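If you read the sequence shown in this note's numbering, its first letter stands for residue 1, the second for the next number, and so on.
Keep in mind that the hints were calculated from the coordinates and are not lab data. Please note that a few of the clues may not be correct.
[Stated by the list, open to error] In silico DSSO-like pairs for lysine-lysine, Cα to Cα no more than 30 Å straight-line:
(1) K99 / K124
(2) K115 / K99
(3) K100 / K124
(4) K50 / K124
(5) K27 / K56
(6) K100 / K115
Predicted model only: the values in this text are computed from it and were never measured.
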Amino acid sequence: MVKKKPAKVPTTASLLVELLTEELPPKSLRLLGEAFAEQLVAEIVRHRLKDRAASKQQFATPRRLAVLIQDVRGMGLDSEHEVEGPVSSNGRAVEGFAKKHNIAPELLERRQTPKGEIVVAHLKM
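From just these sequences and the hints, can you work out the full model?
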């Protein structure tokens with residue numbers, strides 16, 4: 001009986017980002033801390049290290065801004081996108097396109113467009 005390995009699920013951890021600064025105006029600390037935290041969380045979500053807006057704690061002093069974000073993945077989730085290539089009648093261009101994207105030329109999809117038949121690569125990142 002062969003045992004199957006369970007699928008790897010990216011582990012999560014807390015992420016603390018601390019930004020050391022020159023002297024910040026004390027009256028602006030709350031606003032600067034919130035802006036830093038919001039932008040950081042937005043980038044983490046955009047890079048698929050978190051599915052949605054994260055629970056976060058922000059800290060601010062005149063010389064530093066910090067954000068603690070819970071349950072951040074150590075590695076982003078895979079995503080698939082497609083890249084349109086050259087007209088498929090140009091064999092050398094198709095081979096170069098396939099080599100550039102590290103895919104076998106026969107695995108490229110052919111698609112009809114107003115420019116003619118082109119090749120499309122489906123890439124996983």
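Here's how the hints hold up against the structure:
1. Proximity of K99 to K124 is assessed by CA-CA distance (about 15 Å); at most 30 Å being required, the pair is judged to hold.
2. Between K115 and K99, the direct Cα distance comes to roughly 22 Å. Compliance with the 30 Å bound is thereby established for this hinted pair.
3. Between the alpha carbons of K100 and K124 the distance comes to roughly 14 Å, so the proposed pair stays at or under 30 Å and holds.
4. The straight-line distance between the Cα atoms of K50 and K124 is roughly 18 Å, inside the 30 Å bound, and the hint therefore holds.
5. As the CA atoms of K27 and K56 are separated by approximately 22 Å, the hinted pair is consistent with the 30 Å bound.
6. The hinted pair formed by K100 and K115 meets the criterion: a straight-line CA distance of about 22 Å does not exceed 30 Å.
The earlier numbered hints are all upheld by this structure, with none contradicted.
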